[in-house]
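Each protein sequence line maps, in turn, to chains L and W.
With the numbering used here applied, the first sequence covers 5 to 274.
With the numbering used here applied, the second sequence covers 1310 to 1793.
Honestly, the hints are just simulated from the structure, not real lab data.
From the three backbone atoms N, C-alpha and C, an ideal C-beta is built for every residue, glycine too.
Check each hint, because a few of them may be wrong.
[Claimed, not checked] With a cut-off of at most 30 Å between alpha-carbon atoms, the simulated DSSO-like pairs for lysine-lysine come out as follows:
| hint | chain 1 | residue 1 | chain 2 | residue 2 |
| --- | --- | --- | --- | --- |
| 1 | L | K105 | L | K31 |
| 2 | W | K1581 | L | K49 |
| 3 | L | K193 | L | K252 |
| 4 | W | K1581 | L | K227 |
| 5 | W | K1385 | L | K193 |
| 6 | L | K193 | W | K1784 |
| 7 | L | K49 | W | K1617 |
| 8 | W | K1617 | L | K121 |
[Unchecked claim] The calculated label-pair distances, taken between Cβ atoms and stated as ranges, are:
| hint | chain 1 | residue 1 | chain 2 | residue 2 | range |
| --- | --- | --- | --- | --- | --- |
| 9 | L | V239 | W | V1579 | 25 to 35 Å |
| 10 | W | N1632 | L | K252 | 16 to 26 Å |
| 11 | W | R1542 | L | K84 | 51 to 61 Å |
| 12 | L | L11 | W | G1670 | 41 to 51 Å |
| 13 | W | R1542 | L | G103 | 22 to 32 Å |
| 14 | W | T1635 | L | K252 | 18 to 28 Å |
| 15 | L | L11 | W | K1370 | 52 to 62 Å |
| 16 | W | P1755 | L | D205 | 22 to 32 Å |
| 17 | L | H266 | W | K1615 | 14 to 24 Å |
| 18 | W | P1755 | L | K252 | 37 to 47 Å |
| 19 | W | K1501 | L | D205 | 41 to 51 Å |
| 20 | W | P1757 | L | T107 | 36 to 46 Å |
| 21 | L | R48 | W | M1346 | 26 to 36 Å |
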Amino acid sequence: MITLYPLKEFKHPIIAESINPEFFQGKSIQEIGSLKIWEGNKERKLRELFKIEEDKADNPTITIHGNIGKVRKIGKKMEKGEITIYGNVGMHLGEEMKGGKITVHGNADSWVGSMMKGGTIEIHGDAGDYLGAPYRGSNEGMHGGKIIVHGNVRSEAGAHMRKGIIKIYGNASQFAGFRMRGGTIYIQKDAEERVGACMSDGKIVICGFLKSVLPTFTIEGIKKKVKIEEDEKAVGPFYLFRGDLTEKGEGKLYVSKEKNPHLSYYEKFL
Amino acid sequence: MPVVKAVTCPVCGSLCDDIELTVENNNIVKVKNGCAMCESKFLGYNSEHRVLRPLIRKNGKLIETSFEEAIRNAAKILTEANYPILYGWSSTSCEAIRVGLELAEEVGGVIDNTAVVCHGPSLLSVQEVGIPSCTLGQIRHRADLIIYWGSNPWSAHPRHIERYTTYAEGRFEKSAWKGYLNKIKALLAKKKIESSIRRLFLKKKPTVHESISKEPPETLSRKGRKFIVVDVRKTKTAEMADYFIQVEPNKDYELLQALRALVRDEEIDVDKVAGVPIECLEEVVDVMVNCSFGALFFGLGLTMSKGKLRNIDTALSLIKDLNMRTKFVLMPMRGHFNVTGANTVFTWQTGYPYAVDFSLGYPRYNPGETTVVDILLRRESDAALVIASDPVANFPTKTVEHLVKNPLIVIDPHMNVTSHMADVVIPSAFVGIEAEGTAYRMDHVPLPLKKIVEPPNGIHSDEEILRRILAEVRKIKNKNEEEA
């Protein structure tokens, strides 16, 4: 097990693709310290920016203590092992991750689990924009895996999502599930407007308040329960909307009936 | 007196190229064909705000220095920086932008143009959805439906309507100018009648404009060019339009999605979207579907209101849907005269239109991460070069705080607010007046910018200044390598 401590408060962006359990495994502490890392436009060695400590236990685990909000791309393309961060972390955490687990005991910046294919990311604080969404211009969103956020998330969580599950135990900002094509997004508290905009398939469940549903969604019925995962169900009742009519229109949007009395207007269409 | 004809106006994205200038003793004395903004630039560029000597900051004060000294200082700042930003570019020539990109690569910095605070969201959406567009000439000759969404060309691009759209005399579509004059006369007569009625019945309260749009007028079903404006308030352009749709602020996305659903013959459960009744939208969609060539122009009202890039995303999707039934194009109303050129040069040099990060030695692009405003907000940069722009005057306060805390180089003909906060100020010649170059019109048509008069003594073009900084940077880097 390797433990990293940042040596200073970073000012410039740090691109740290090399902080990955697979790269660390089987290497001596000297070799790990020589791994390359970028600070602004200067190439550095890992030991120049982090204090590295080794625990004899031979499991592929990395623990980072300290605020590393400027450190980006930790765990990129990671396939196995575990990363635990005690502090805030920067953008692109677990980008294109295929397996393993990342846990953050703090807040994460934007693009957490971008284009993720497998594995689990758990954030105990808040997450930024574009949770699980692809890079600019791409429509290949999350293909699998699981993201759990215990705090709030900003806009466009799960954009272009195809498979997998995103669970948000706080509030979500606008455009959650934008152009979603599959998978599940569960929001335990409130969601801002424009949820599921242009979604063509998949499932979004909102247990809190939603100010308005897009005009391109149509009501289908009222459901008592919704399945979230294999052995987990959300208890309703929920209004079930189908949309987005401007796309294929097979997406399902479940909105809590109890928390949204203003949506009772739609009941006359049932 | 010599008259220079076919001059391209370096003010807005319309880039009118029919300006005639009268020149006397290396001075422009008369402007013909230009709008108020054009005239103001050509006649007033040589104002008291002009800087004629390079300045550097010593002991907290800006003092005059030599050109060479200023270049050396600028090169030193950029070479020593770990994460410099190079911002501006939209009001200079494509040739200067090209050198700027080379400089950004050499110093490993982030280069960004003003699209970041205007049509950046449009570019992001275009990359996701694609853009059906054409040149303004085609719209002038063929378009029979013009829609302006969230833009006020009467004030921001004054000759746009007259040269390229509704009031232009096209080969296949006639100008709607006469109709407009009749409308103005009728409106004036109506106002007179109303005021006389008010005088007769003094107690009657003046009528207040309804916030909700009225039914579309019958004129919308007539033949010939039609003109629709969608905006949050009744602008001058909206007054001229055949039909004005007043959208609730920050509800453009919902309105566009509703239009998309109607174009696709889907039913909508609600009666009103963004304050506009569905019946009105149905009539508008009828007009859109039945036109033979429609053009949608959009401005910052759409790109910078809530939803940003997703507003444009849905506008582009609407055009995509409309093209299944008729011919429709879309065009952003670009502000600065060469912001399209900046995006074009950035793209053919690096692959990306703005916010290009060279810090890892190769171009990277991720707006939100590599955009100048976000970098400044996160306090990550440690030096800046600003060219042909004034970010201190128009960026958010928190970003400005960080911008001025670090070494700042400004290349600008005028002493603007950013220059006052700078460490090195290098005055430059006005491109399109004192220096030649190339600029791109909003429809991606490159037009030449002319040199009309000689610049003042010792003043160089942006391109020349950047080349000198680049050469100096390379010299310092070579020296450092030798020492190492």
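So, going through the hints one by one against the coordinates:
1. K105/L - K31/L: The hint holds at about 20 Å.
2. K1581/W - K49/L: Cα-Cα ~60 Å, so violated.
3. K193/L - K252/L: This hinted pair holds, its Cα atoms lying about 28 Å apart.
4. K1581/W - K227/L: Roughly 27 Å between the alpha carbons, so the hint for K1581/W and K227/L holds.
5. K1385/W - K193/L: violated, 52 Å
6. K193/L - K1784/W: violated, 59 Å
7. K49/L - K1617/W: violated, 39 Å
8. K1617/W - K121/L: holds, 28 Å
9. V239/L - V1579/W: 25 to 35 Å: holds, 28 Å
10. N1632/W - K252/L: 16 to 26 Å: holds, 19 Å
11. R1542/W - K84/L: 51 to 61 Å: holds, 57 Å
12. L11/L - G1670/W: 41 to 51 Å: At roughly 24 Å between Cβ atoms, G1670/W and L11/L fall outside 41 to 51 Å, so the hint is violated.
13. R1542/W - G103/L: 22 to 32 Å: violated, 54 Å
14. T1635/W - K252/L: 18 to 28 Å: holds, 23 Å
15. L11/L - K1370/W: 52 to 62 Å: At 38 Å between Cβs, range violated.
16. P1755/W - D205/L: 22 to 32 Å: Given range 22 to 32 Å: violated, Cβ gap about 43 Å.
17. H266/L - K1615/W: 14 to 24 Å: holds, 20 Å
18. P1755/W - K252/L: 37 to 47 Å: Cβ of P1755/W to Cβ of K252/L: about 40 Å, so the range 37 to 47 Å holds.
19. K1501/W - D205/L: 41 to 51 Å: Once the Cβ atoms are compared, 60 Å apart, the range 41 to 51 Å for D205/L and K1501/W is violated.
20. P1757/W - T107/L: 36 to 46 Å: violated, 59 Å
21. R48/L - M1346/W: 26 to 36 Å: violated, 49 Å
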